[in-house]
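Novice: Next come the chains, spelled out residue by residue.
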Amino acid sequence: MSTMKELIEYMAKSLVNNPDAVVVHEVEKAGTVTYRLSVAPDDMGRIIGKQGRVVNAMRILLRVAATKDGRRATLEIV
Amino acid sequence: MANAKASVEVTAKTVEEAIAKGLEQLGVPREEVEIEVLNPGRSGMFGLGAQDASVRLTHIVASKPEQPLEEITEQMAPEAEEIPAQPQPAAWPVETVELAVGLLQGLIDRMGIKGKVVARISDEFADEEGASTLVLNVTGKDLGILIGRQAETLQALQYIVRLMLSKSLARWEPVVVDVESYRVRRRRALQRLALRMAERAVSTRRRVILEAMPASERRIVHLALRDHPGVTTRSIGERDHRKVTIIPK
Chain Z
1 MSTMKELIEY MAKSLVNNPD AVVVHEVEKA GTVTYRLSVA PDDMGRIIGK QGRVVNAMRI
61 LLRVAATKDG RRATLEIV
Chain E
1 MANAKASVEV TAKTVEEAIA KGLEQLGVPR EEVEIEVLNP GRSGMFGLGA QDASVRLTHI
61 VASKPEQPLE EITEQMAPEA EEIPAQPQPA AWPVETVELA VGLLQGLIDR MGIKGKVVAR
121 ISDEFADEEG ASTLVLNVTG KDLGILIGRQ AETLQALQYI VRLMLSKSLA RWEPVVVDVE
181 SYRVRRRRAL QRLALRMAER AVSTRRRVIL EAMPASERRI VHLALRDHPG VTTRSIGERD
241 HRKVTIIPK
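In order, the protein sequences belong to chains Z and E. Residues 1 to 78 in the working numbering are what the first sequence lists, from first letter to last. Residues 1 to 249 in the working numbering are what the second sequence lists, from first letter to last.
Hints are computed from structural coordinates only; laboratory data are not their basis. Mixed in with the good hints, there may be bad ones.
As the list claims (entries may be wrong) - DSS-like, lysine-lysine: derived pairs with alpha carbons at most 27 Å apart:
id : chain 1 : residue 1 : chain 2 : residue 2
1  : Z       : K68       : Z       : K5
2  : E       : K116      : Z       : K13
3  : Z       : K50       : Z       : K13
4  : E       : K243      : E       : K21
5  : Z       : K13       : Z       : K29
6  : E       : K167      : Z       : K5
7  : Z       : K50       : E       : K167
8  : Z       : K13       : Z       : K68
9  : Z       : K13       : E       : K167
10 : E       : K243      : Z       : K50
11 : E       : K116      : Z       : K68
12 : E       : K114      : E       : K141
13 : Z       : K5        : Z       : K29
14 : Z       : K5        : E       : K114
15 : Z       : K68       : Z       : K29
16 : E       : K116      : Z       : K5
17 : E       : K141      : Z       : K5
18 : E       : K167      : E       : K114
19 : Z       : K50       : Z       : K5
20 : E       : K243      : E       : K13
21 : E       : K116      : E       : K141
22 : E       : K141      : Z       : K68
23 : E       : K116      : E       : K167
24 : E       : K114      : Z       : K68
25 : Z       : K13       : E       : K114
Note that the structure is a prediction, hence the values are computed from the model and not measured.
All chains should be modelled from the sequences, with the hints used to inform the complete structure.
Specialist: Shown next as structure tokens:
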């Protein structure tokens, strides 16, 4: 279960200029785990991407990890 | 799956339904069939003038997928081992290859997928990405989940790996990420389909509309027919519904 969090941290830290500012919070509610990812303000663009392309790709990979785990997971950027 | 038929023609209300029915009849996943839209169908108004859609599905992977895949993997393994011994042109130093392999392996491990990354330098994607590309192929069992519908997951995986690698190298590197050589197989299948449908367009003197495909796959079809003497190609439709049309000259 911590692997999903690790996956998000792994992706985010490899994509930003300030890996130390990457924080992932995990909230579980009604069978769905919500991950809240925050990064340094000037890294927001890198983590979201044009038209959300980067965060959407991360969501797709997170979905695979969640499926493997038999759970549902969502990713929000805060 | 006792002796699956190689090809079926199915009719249903919509193309999607027909495809779903056909896949059920063949008992194979969508990635393993070529889909030809024989008739896109029409919904009509109040049931008037409605026409059923029909498609032909052809199974393109042998009924025992395990076997050919292993063969392909074995052919790749020695190539990958040669990389350190016989360095490729400066573009792909060993450290870069190892970095790329490590990034992808790190991703799939954290996704809870049991798979192994095998790297090779190849020119088979030359028309898409330029001369010699670094290809990272994930091998293992039950990796369909890493490919996804219309290869959506595979595309996401490739995109993230490219971003991660480019960040580390401080330059854009269009590495190709593949799973069980899906891209190689799909590409060959699309090229064969393109040629066959071009022949049909020429012989029937009518345009042939292929099923909706992502941009990367439409590109393979366009390129396969670029120098064909008898047809031109064009993509029609919007976003997820864009289809290649093969038009006789």
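Novice: Please go over all the hints and tell whether each is borne out by the structure.
Specialist: Hints, one by one, checked against the model:
no., hint, result
1, Z:K68 <-> Z:K5, "14 Å, holds"
2, E:K116 <-> Z:K13, "23 Å, holds"
3, Z:K50 <-> Z:K13, "19 Å, holds"
4, E:K243 <-> E:K21, "21 Å, holds"
5, Z:K13 <-> Z:K29, "26 Å, holds"
6, E:K167 <-> Z:K5, "21 Å, holds"
7, Z:K50 <-> E:K167, "16 Å, holds"
8, Z:K13 <-> Z:K68, "23 Å, holds"
9, Z:K13 <-> E:K167, "10 Å, holds"
10, E:K243 <-> Z:K50, "25 Å, holds"
11, E:K116 <-> Z:K68, "17 Å, holds"
12, E:K114 <-> E:K141, "8 Å, holds"
13, Z:K5 <-> Z:K29, "16 Å, holds"
14, Z:K5 <-> E:K114, "18 Å, holds"
15, Z:K68 <-> Z:K29, "19 Å, holds"
16, E:K116 <-> Z:K5, "22 Å, holds"
17, E:K141 <-> Z:K5, "24 Å, holds"
18, E:K167 <-> E:K114, "26 Å, holds"
19, Z:K50 <-> Z:K5, "24 Å, holds"
20, E:K243 <-> E:K13, "19 Å, holds"
21, E:K116 <-> E:K141, "10 Å, holds"
22, E:K141 <-> Z:K68, "14 Å, holds"
23, E:K116 <-> E:K167, "23 Å, holds"
24, E:K114 <-> Z:K68, "11 Å, holds"
25, Z:K13 <-> E:K114, "23 Å, holds"
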